[in-house]
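So the protein sequences, as listed, match chains A and B.
Using my numbering, the first residue of the first sequence is number 182, and each one after it goes up by one.
Using my numbering, the first residue of the second sequence is number 40, and each one after it goes up by one.
Just to be clear, a hint being listed does not mean it is correct.
Chain A regions said to be covered by chain B (calculated; three or more residues, Cβ under 8 Å) [stated by the list, open to error]:
(1) 192-202
(2) 225-238
(3) 269-277
Restricting the straight-line Cα-Cα distance to at most 25 Å, the calculated cross-link-like pairs of lysine to any residue (SDA-like) are [stated by the list, open to error]:
(4) K42/B x I118/B
(5) K42/B x S112/B
(6) K249/A x V278/A
(7) K77/B x E195/A
(8) K259/A x L279/A
(9) K77/B x S208/A
(10) K259/A x I118/B
(11) K249/A x E195/A
(12) K205/A x I118/B
(13) K77/B x R203/A
(14) K42/B x E243/A
(15) K77/B x L279/A
These are computed hints drawn from the structure, not numbers from a lab.
We put the beta carbon where it would ideally sit given N, CA and C, even for glycine.
As a plain string of letters, each chain reads:
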Amino acid sequence: DAGVIQSPRHEVTEMGQEVTLRCKPISGHDYLFWYRQTMMRGLELLIYFNNNVPIDDSGMPEDRFSAKMPNASFSTLKIQPSEPRDSAVYFCASSLVLISTDTQYFGPGTRLTVL
Amino acid sequence: AQKVTQAQTEISVVEKEDVTLDCVYETRDTTYYLFWYKQPPSGELVFLIRRNSFDEQNEISGRYSWNFQKSTSSFNFTITASQVVDSAVYFCALSEVETGRRALTFGSGTRLQVQP
Chain A
182 DAGVIQSPRH EVTEMGQEVT LRCKPISGHD YLFWYRQTMM RGLELLIYFN
232 NNVPIDDSGM PEDRFSAKMP NASFSTLKIQ PSEPRDSAVY FCASSLVLIS
282 TDTQYFGPGT RLTVL
Chain B
40 AQKVTQAQTE ISVVEKEDVT LDCVYETRDT TYYLFWYKQP PSGELVFLIR
90 RNSFDEQNEI SGRYSWNFQK STSSFNFTIT ASQVVDSAVY FCALSEVETG
140 RRALTFGSGT RLQVQP
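Pulled out of the complex, with its shape left as it was, chain B reads as follows (with noise of 0.2 Å):
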C-alpha cells in the first residue's frame, strides 16, 4: 500500500536561514505523481509542485527547490534565504497512475514556523 511519511512535525528557523522538509514515499507503482502543498495559517491548500516519476531532475522555483531520489524515495523540499510569509504547514502526497487510484496520500504535514 502506499504510503508517505513526513518525519518532522514542528521546525522552527529564524528568517534569511535555508531549510530543507523531507518526505519519503512507498509505493508498488513504478509510475506516480508526488506533490508538495502549502497550507497557510488561513487555511487553504496551495499547490506547489507535481513531479513524475520517471522525471529525477531537480526543480528550482525562485527560493524554493525540490529534490528527487528514487533510490532512496525521497522527494525532499528546500526553502533557501526563508521567509516569514513561508510560515505554514507543508504536505507531501502521491498518488498512483498504474492502480488508477487517482487520490492523493498525504504525509502528516511538517509545520514550519520562519521566527523573524
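If we strip away everything but chain A, and leave its shape as in the complex, we get (with noise of 0.2 Å):
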C-alpha cells in the first residue's frame, strides 16, 4: 500500500512568494496532521482535520499560513507570502483513529528552503 505522499519534496523560493505543499493521505485515514520542523522549534503541529474538517489550527503561525483539505485524498498547505524564517521541513501524517489504535504515518516531508 502506498504511503502519505507529498509534493514536492524540496522547494527553493524567494521571499515573498507563494508557496504550496500537497499532501495525499493515506487510504481510508479520517485524520491529517500537518507538522513543521525546524532546528530551533523541533516538531510543532501546525494544524490537523478529522473527515476533511479543520479540527486545531493553534499551531499555524500566523495569517500568512493556509491549510485545506477539499477531499479525504488530498490537503494542501500556503504560505503566502513565504518569509525566510518559514524555512523547515514539512511534513503530513494521517492515521485511522479506532478504539485500540492511532497511529500517525508521516510523509517523507517537503524540505522548504525561502532565500
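Both chains are given apart, each in its own frame, so use the hints to dock them into the complex.
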C-alpha cells in the first residue's frame, strides 16, 4: 500500500513568493496532520483535520499560512507571502482513529528553503 | 499541558553496545498513547512503537525493547547490540485521548551515533 505522499520534496523560493505544499494521505485514514520541523523549535503541529474538517489550527504561525482539505485524499498547505523564517521541513501525517489504535504515519516531508 | 522531555541530546556508542534512550512525559489525561519514531539521516519519520496508557507490559521487538513505567511517567527505549544502521534521531511522542487532542507532542529528540 502507498504511504503518505507529499510534493514537492524540495522547494526553493524567494521571499514574498507563494508556496503550496501538497499531501495525499493513506487511503481510508480519517485524520490528517501538518507538522513543521526546525532546528530551533523541533517538531510542532501546525494544523490537523478530521474527516476533512479543520479541528485544531492553533499551531498555524500567522495569517500567511493556510491549509485546506477539499476531499479525503488531498490537502494543501499554503504560505503567502513566504519569509526566510518559514524555511523548514514540513511533514504531513495521517491516521485512522479506532478504539485501540491511533498511529500517525508520516510522509517523506517537504524541505522548504526561502531565500 | 502535555509535555515530553528527552534529556539526552546526543549519545555516541560503539557498535554492539547496548544503549537506552530516555523519555519522560507529562499529561493530565489518564488515557493516552506514547510513541517512538526514528528519523534516519534521509529525513523521514519512521514509526517504531505505540503504547496505550493502560498497557504497562514491556515490549521487545528484535533488538529493540521498551520499558513503560506510569509511576515515573517514563517510556524508555533500549537498543541491544547496536548497529551502525541504528544511527538516527529518535523521537518520543505523546497523544492524549480524553482531551481529544489527536496531535502528537514530540520530545526534542535524541541523536544516536553508533560508531563502527
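Hint by hint, which ones does this structure get wrong, listed from lowest number up? Hints 1, 7, 8, 10, 12 contradicted; others consistent.
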